[in-house]
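Assembling the complex is the task here: the two chains are given apart, and the hints tell you how they should meet.
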Amino acid sequence: MDLIAIGFSTLFEPAVILMLVAGLFAGLIVGSIPGINDNIAFAVFIPFSFAMPAAQALALMVGVYCAAASGGAIPAIMIKVPGTASALLTAVDGNAMARNNQAGKALSIALTSSVIGGTLCSFVLLLFAPVLAKLALLFGFVETFALTVLGLSSVVGMLAGNVLRGLASALIGLLVSTIGFSLTTGYPRFTFDNVNLIEGVPFVPLLVGLFGIASIFELVVDIARERGESGTSQGLPRIGSMRLGRSLIRRLLPVWATSATIGNLIGMLPGAGMLMAIYLSYDQAARRFRRKYAGSPGEPKWGEGAPEGIAAPESANNAVTASSMVPLLSLGIPGNSTSALFIGALGVQGMVPGPLLFSQNADIAWMIIVAFLVANLLMWPIAFVVIKSVSRTVFAIRKEVLVGVIALLCVLGAYADGANSFNIWVALIAGFAAYLMKLASIPLGPAILGLVLGGQMESALSNSLSVSGGSWLIFVDVRNHPISAAMIAIAMLMWAIPILRYLKERAAR
Amino acid sequence: MPNSDTRTTTDMRGLTAGAVLVIVSGTAAFHALTFDADSRMFPLTVAALLAMTGAGLILNSLVSRGGGGAVMLVRSNRPAVFTAAIIAVWATLFAGGAGFVLPTFLMQVALLYLAGLRRPAYIAATAILVTAVAYLLFVVLLDIPMPPSLLPPVFQDF
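As you go down the protein sequences, you meet chains A and B in turn.
Per the numbering used here: the first sequence = residues 1 to 509.
Per the numbering used here: the second sequence = residues 1 to 158.
Simulated from the structure, these hints should not be mistaken for laboratory data.
Note that the structure is predicted; figures quoted are calculated from it, not measured.
Heads up, a few of these hints could be off.
Restraint ranges, calculated between C-beta atoms of paired labels, are given here [what the hints assert, rightly or not]:
(1) B:T92 <-> A:W495: 43 to 53 angstroms
(2) A:T191 <-> B:L62: 30 to 40 angstroms
(3) B:V140 <-> A:P297: 32 to 42 angstroms
A short, non-exhaustive set of chain A residues, derived as facing chain B with CB atoms under 7 angstroms [to be verified]:
(4) L164
(5) L167
(6) L183
(7) T185
(8) R227
(9) G228
(10) E400
(11) A419
(12) I424
Glycine is no exception: its CB is placed at the ideal position from the N, C-alpha and C atoms.
Okay, chain B solo, but in the shape it has when bound (with noise of 0.2 angstroms):
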């Protein structure tokens, strides 16, 4: 990935790194300034410590060169933000009452498209057996308690 223009330029993701960490750590260390005198010792130390440590990353990225461009960063890595996009989307119709076979068939989908598979029969034949599968093993033979499900009586346990 890294090109011969990225090689000139600043090492962008070591100084994203430091900054986040300063910031976090800022963050964590003035939350824990609120907390009483024998709570917040060891939070603020170690806070301290991560920001000088941020710091550091800075000051290093500055001096040294490499570490790829911004914008092939981000277009590289769009297919975990999709992934990360879907998951969550999952957990918003699992946990707010879609119950447990429709969100999970719909996330198998989305994945195995993205993941680059086409053929539609295909896609719906392995959701469709993921699904199955996963319901037997947690929802059948472990008996792991689902959310309260808003779908009518009869696909309660679905």
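Bound conformation, chain A alone (with noise of 0.2 angstroms):
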């Protein structure tokens, strides 16, 4: 307990509150820019905090990295462009119900599930940090394996209907992985002698692609039909008001609790990432809304504006961003790619993250814990003044002029993560395919979740294979690898039971 009053003392100094609080104003209005992910936030913002005492230069840091990944719903929601990966399942029920002239309510609610998720998290850093540490190091090759392969067959849930061509989706983000040199041998695979995709294709660029660019094509393509309709485009949705009502929050608790509870146990894991949290968190969802609320009267369908659609995403989001702190500070293992960067923002005032910050450095270590429930907290009141009025006003744009600073947007986003030209054609190449997947009913979360997982399953595979000698049943060793095996049966179970519901369903036919 001396410790944690140790970090609140240290976090309430008024100079380090104040750069948490701006640092969560400046990662929510950068998050919330189409093209500017989590990453590029917090990589932009490191620079600044050279200058700074350490405790004011890192909780500058936690308040960006919470924020950005809160900010990202911003947009997704408005105008259907995911400002971070990590809002990019949230885009899809957000930007429905904005259409649906709820978009303070669908605000609200991603706003508020940021919160929830973040702030249960940041309880259980604060009190279990330790401990967790060590059930994260229980995973090896196996049981990180069976991790992706869980992750993996969460995509099942999100289908409904569209097996085939989900999978067809999830292979291609898999073969798309495989460019680069291979993790396992350092084979040059699909580089064509070029350098620039020798590290595979570029993230940052990639993603700019499949969500901002293929959304400008829909945009422009969608003001032209308008206009062929009506002579008129219709304007970007109003923002109206931002009331949850009890029986809206009563409704999403159980939602919030799954969410912050994948996004916690996912999050803690090294190397798992957001996105596999957001991925299951979302199926979830999808299940539960499917099993409680489809069909009934006055209920969208899913995807169409359902807010667990918006609330378990948002939820595991800011759930992941605390509890990938665990395995960051304890052991100095970053859980995702933005938590890797705060290793860059640690080093640059001289610590390194481990056991050894915790005896060297216990105040600054307990500050940054603390300073993520503080970070939490304050986000609701901080998020709701930008949303009024930085956000109103950068959504009050004409949509006609918005395609041009979208476009933008995405094109310098794409160049500005390491100032390349090659980048800009990985995003033009990437958003028209992705435009092309969506006239042929591909969907696009799939491949984004092959794309992140591919070379840690193959990595992970081909490690395993070897301590095996070639054997597969080491997966389902229960003896030995019992993770590996419980999380094999439960991704063999989430594709049996829809498959085994529409043998079903047809032979009642």
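This is the structure we're talking about:
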């Protein structure tokens, strides 16, 4: 308790808490710019922290880290362009609600979910950080491969009768993930002697293209269609009231609890990443929605404005931001790419994450943990101000003008990742490919998951098989790898249940 | 968009998607065969599975109906193709040494016109404003290095 008190007293020095608030404002604004993902938002602010004392600098970075993940939901809901990768699923139901004149409600759900997910996991981080870090150590190659299988299986729940196209999408993602040097042998694959592809397809421009550029194509086609039908184009959705009714809060409580738990567990696993947590929680929310609300009067279809479709990913992504700090601070292992950047922020201050951090810089280590809790509690009022002021101004711009603005932000966002012109072409090609996939009704979500998990899956599979002498039974070895066996069993159930349900329905017809 | 006409035709989108997937995965598998044994296992497996999924999509589209006619598909998506072309021209000029300001201004003008705006003064003012704000944000504030410029020395920073 003394250490937690030291953390609070360090954080509540005026200059330090001011930096946390500044980080929250900046993270929300930068995170809400389409094309600037949380990695870029975080990386942009690291140079600002050079000249600051350690406590102030790291409070600023915690603020940016927490807020960028939440800020991404704002453009995802308003213009269907996720500001950050963590908001990619929020765009689906969030934008549908916004188009149904419920933009304020959708933003409020996203914000509340982020705050609840982040706060719950901050408590867990605060109380159980040392214990939870030990759990993460139980994950070897075998368990990591099983985890990637489980992650890919999570897409089944969101495909709803589109399994073949969803599978194609996941495989496209896995195939693209093999471009570049093999992680196990170092052999250059599908690089065609292009040095820009040696480390694989650059991820930030790829995401900017798949979501940002593709959404511009959709936007211009929408504008042209609206002009063809009515002579004018529809404006952007109005934000309106942000009040949430009690019944909606009661309805979303189980979703928040489940998603925060998933985010917490996944975030602690080194390398598992935020996207897997988002997909798993989205899948759970989809199943719950179909079971309890689908088909009821006044209820939208899943993917067309279901509040659970916003609550689950937003709750999970902020849960991951806090819990990914468990392996990072305790073991020095980043839970995701943005938390890896946190190592850089600590390094700038001459600190190395890991057990030594808690013994040599206990005040700073506990200040960071406490800052996550306080950042999430301060997020709601600050985000409310940002949405009511900055976002209202940004999204009052005409849709026709926004086409050029988003296009420019996307191409410059892609270019800014390494100041490389090749990235612009990656974004453009990825955007066109995503648009063609949409025309062919191939969902984009599974491809992203395949892209994210591909490298990890291949390397874990290769290492596991070399340990087992080529035997695949290692993944279902209950005695030596019970966690892997359990995850493979859950993954098989995720595939089997919808197929059995489909066969049962067909037999009934 | 689907009309009574399209409902009676083969699912062209599914058929095309399946065919593209089979061609792409077949090419990838063929290329993967040139890798060493350890490096090719994963991409070869994924490519083979993708080819099977593509074949499944082709079969599925042959037995199902709907999906829209090809001519309708091309016509309704023409603005997307034009947008891609505008961005490609911008990227070529930007990377080719024309600086930041001129290609960006031209891209904004072209996109605003494509989006349906027709008042020249409004288009010019908006394009100048967007270009100026982007220049301030990315070049001045974030200090992102621009590609080498072929412009005269006086305009090097633009």
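task = Could you tell me which of the numbered hints above are not met by this structure, giving the numbers in increasing order?
result = The structure breaks hints 3, 6, 9; every other hint is satisfied.
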